[in-house]
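K.L.:
Here are the chains, one letter per residue:
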Amino acid sequence: MCGTAILAIACATLLPLQAARAEDLKKINFVFDWSTPDHELIPVIVAKDQGLYKDAGLDVNIIFPPDSATTAGLLLAGSGDIGFETTTDITFGHEQGAPIVSIGNFIQTNNWCLFGRPGEPVDLTKLEGKSIGIYTDSWTKAMMPFVLKTAGLKADQVKEIIVEEAMPILLAGKIDIATNTENYGTAAVQSAVGKDPTMVCAHELGAPDVPIWVYTATQPWLDQNGDTATKFMGATQKATEWAIANPDKAVDLFGKYYPDNANAAYDRVGWNALIPHFKDASGKMMVQSADIWKSLAEALKATDQIKEVPDPNVYFTNKYLPQQ
Amino acid sequence: MSDIGFKGIFQNALLAVLSVALIFITWKLFVVISGYPPYIIAPPEVAIAHIWNNWAEMAPLLRATLYETVVGYVLGSAFGFAIAVLMAQFRAVQRVVYPGLIISQSIPIVAIAAPLALLFGFGMAPKLIVIGLIVFFPVAINVLDGLSSVDRDVLNLARVLGASPWRIFTKVKLPACLGPLFTGLKIGASYAVTGAVIGEWTASSTKGLGTYLLTSKASLNTAAVYGDTLLLTAIGVGSFVFMLVLGIIVTPWQWSATAPKWLQPKIRPTGKED
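So the protein lines, in turn, are chains A and B.
First residue of the first sequence? That's 1014 in the numbering used here, and the numbers climb one at a time after it.
First residue of the second sequence? That's 230 in the numbering used here, and the numbers climb one at a time after it.
Among the hints, erroneous ones may be present.
[Claimed, not checked] Within a straight-line C-alpha distance of at most 20 Å, the following computed PhoX-like cross-link-like pairs (lysine-lysine) qualify:
1) B:K436 to A:K1167
2) B:K436 to A:K1143
3) A:K1307 to A:K1320
4) A:K1162 to A:K1143
5) A:K1067 to A:K1039
6) A:K1187 to B:K436
7) A:K1139 to A:K1172
8) A:K1139 to A:K1187
9) A:K1251 to A:K1292
10) A:K1297 to A:K1332
11) A:K1332 to A:K1320
12) A:K1172 to B:K436
[To be verified] Partial list, computed: chain A residues near chain B (C-beta under 8 Å):
13) A1082
14) A1090
15) F1105
16) Q1109
17) G1110
18) A1111
19) S1151
20) K1154
21) I1174
22) L1184
23) A1185
24) K1187
25) D1273
26) E1321
In short, the hints are calculated from the structure, not lab data.
Even glycine gets a Cβ: it sits at the ideal position worked out from N, Cα and C.
Sequences and hints are given; from them, build the entire structure.
P.N.:
Right under this line is the structure:
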C-alpha cells in the first residue's frame, strides 16, 4: 500500500517533467532525397534510435519528398528545415538564385559509376551506339557530359534511355549500361542475382571527385537556427561513426524502423559499399572544401551546365560541423 | 438539344478566353500575395518568357510529345470505338469484355508503365499503350451508352422498312451515338497528354516535354517547369477544343435547331433538292 503510494507520487512528479522535456525538444523536419527510405538514411535512424537527437534537444521528423527533385524546393518553401540531397542540387539551385547551402558532406567522394551486367565489362572505348539507362536527377544530368567527353562522343552517339529504375532493366538485357552510384548499383545486382556487376566509376569517367550527397539548409533558416544545425550535425556525425563501426547492427536497426521498405541483403551490401567513402584522406568526416566545390562548379561550367562559377563559399559552410 | 446557335458558340468561346485570362490573373495574384520567389513558384510572365527564350530547344520537344499524344489518342479512340461497337452488337462480347474494361481502369497506369517498357522496349509502343489505356475507356463507355440507348421505335421502323443490320447501324445507330462519341473523344483528348507524359517518364529513348519537365525540376529551374507545364496544358486544351469544334461541325443538331446554311439542302424553284 505504502509502495503504491510512493510510486503514484513519483509518477505524478516525474511524468509532467518528462512531458515538459518532450515539449522542450526543438522540432526539425528532415527532408530525405527520395520518396522512400533506404540505407542512406541509416545515420539519421541510428541518431533517432540511440537518442542522440533527443540528447541534443532535437525532435527530428523525417519527410519523404514526392520525388528526387523536390527536397530543395521543400526547404525553400519552409516545409523542411534540413535536407539531404546532391551537391548538384546546390549548384543548380544557386544558378536560379535559391539561397540553399550545404552544411556537411554525407560521403567524401564521388561513387557514381557506369554499370554492366556481371561478367560484361564496361568499355569506354566501345560506348558508341550503346543504350545507357539514365535518371533525370541533377547528378546524372551533371555527370553524363563527362562520360561522353572522356569517351570522345557526342550526345547523339549513345542512346540515353530515361528510366525509373536502371538496374532491373540492365539485368533484363533491355539496356547495355546503367548509371547509378556504387552503393545502389552493386546492392541491386547483388541482391537480385548474387553476383557483382561490372563497373567503371567517376575517376575513370573523367568526372570530378566531389561528394554526391550533402546535408543542406537554406541560408535564412541557418541564420535563425544555427545552434540547431550544429546540434543536428553533431548528433548525425556520432551516429554515422557508430553505423560505420557496427554496419550489421545499423542495417538491422534500419530494418526495424522500416520493415516494409528494408531488404536486409540489399541494405547490407549498400551500406558496406558506402563505408569506405565516409572519411577523406585525412580521416575527417563531413568536412567540405572550397577547392572541391570549385572543381564541381568549373566542371559544370565547362560542360555548359551552369553559366558562371561563383565564389565556392556561397555553396557551403563547415560552420555547423563538430570539431574533429 | 441545346439550341444555343452559332452566335452562342462564339459567346461561349469568348467566355472561355476570359476564363483562361482569369486563371492567369489568379496565378499572378497568388505569386504576388504569397511572396514566393520565382525559384519556388514562377509567375506566368516568367513561364511564358522561358518558352519564348528557349523556343528553339522546346519546339522539337513539343513536336515529339504532340506526336505521341495524337498517335496514341487516335489509336486509343479507334480501339475504344471498335470495342464499344462489338459490345453493342454482340451481348456475349459485352458480358465478357465489360468487366475487363473496368479492371483496366482500376490498374494504376504508373505501375504498369515500367513493365510495359520491359516488354515493348523504349520506343513509341509502350507510350502508345499507356495513352491508349487512358483514352479508350471514355470513348468506349460513351459510345456503348449511345448505341444502347437508340430509340427502339426507330429501330423497329427501320426493320419494318426492310433495312439490313449494316444499314441500321450506319443510318440509325451510328448517327445516334455521335453525340456520346464526341463526349468520350473530348474527355479522352484532355487526358491523352497525361498518358504521353507518364510514358516519357517511365522509360523513353526520345526526349519530349515530359522528360524536359523532370530534368528542369531536377535543376530547380522553376521557370522551365512552369513553361513546360503551360505547353503540356496547351496540348490538352488544344486537343479538347479541336474535338469540340469537330463535334460542332459533325453534329450541328446538338447545338442548333436549324442546320447551318452550308448544311441546308439547296431547294431549286422546281422543289427538287440539289
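K.L.:
Let me know if the C-beta of E1321 of chain A comes in closer than 8 Å to any C-beta of chain B, holds or violated.
P.N.:
With a closest approach of 15 Å, the E1321 of chain A hint is violated.
K.L.:
Holds or violated: is the Cβ of D1273 of chain A closer than 8 Å to a Cβ in chain B?
P.N.:
violated (17 Å)
K.L.:
Within a Cα-Cα threshold of 20 Å, do K1307 of chain A and K1320 of chain A meet the stated pairing?
P.N.:
It holds: about 14 Å lies between the C-alpha atoms, which stays within 20 Å.
K.L.:
Is the shortest C-beta separation between F1105 of chain A and chain B less than 8 Å?
P.N.:
At 4 Å from the nearest chain B Cβ, F1105 of chain A passes the 8 Å test, so the hint holds.
K.L.:
Holds or violated: K1187 of chain A as interface residue toward chain B, Cβ cutoff 8 Å?
P.N.:
holds (6 Å)
K.L.:
So, L1184 of chain A near chain B? Judge it on the closest CB pair being under 8 Å.
P.N.:
violated (10 Å)
K.L.:
Could you check if Q1109 of chain A really has its C-beta closer than 8 Å to a C-beta on chain B?
P.N.:
holds (4 Å)
K.L.:
Grab the minimum C-beta distance from K1154 of chain A to chain B and call the hint holds if it beats 8 Å, violated otherwise.
P.N.:
Check passed: Cβ of K1154 of chain A comes within 6 Å of chain B, closer than 8 Å.
K.L.:
Under the criterion that the straight-line Cα-Cα distance not exceed 20 Å, is the pair K1139 of chain A, K1172 of chain A satisfied?
P.N.:
Status holds; Cα separation ~13 Å.
K.L.:
At a threshold of 8 Å, is the proposed contact between G1110 of chain A and chain B supported by beta-carbon distances?
P.N.:
holds (6 Å)
K.L.:
With a cut-off of 8 Å, does the beta carbon of A1111 of chain A approach a beta carbon of chain B closely enough for the hint to hold?
P.N.:
For A1111 of chain A, the interface hint holds, since the closest Cβ of chain B sits about 4 Å away, which is under 8 Å.
K.L.:
Next pair to validate is K1139 of chain A with K1187 of chain A; report whether the Cα-Cα distance is within 20 Å.
P.N.:
The hint holds at about 18 Å.
Violated hints for the displayed structure, listed by number in ascending order: 11, 22, 25 and 26.
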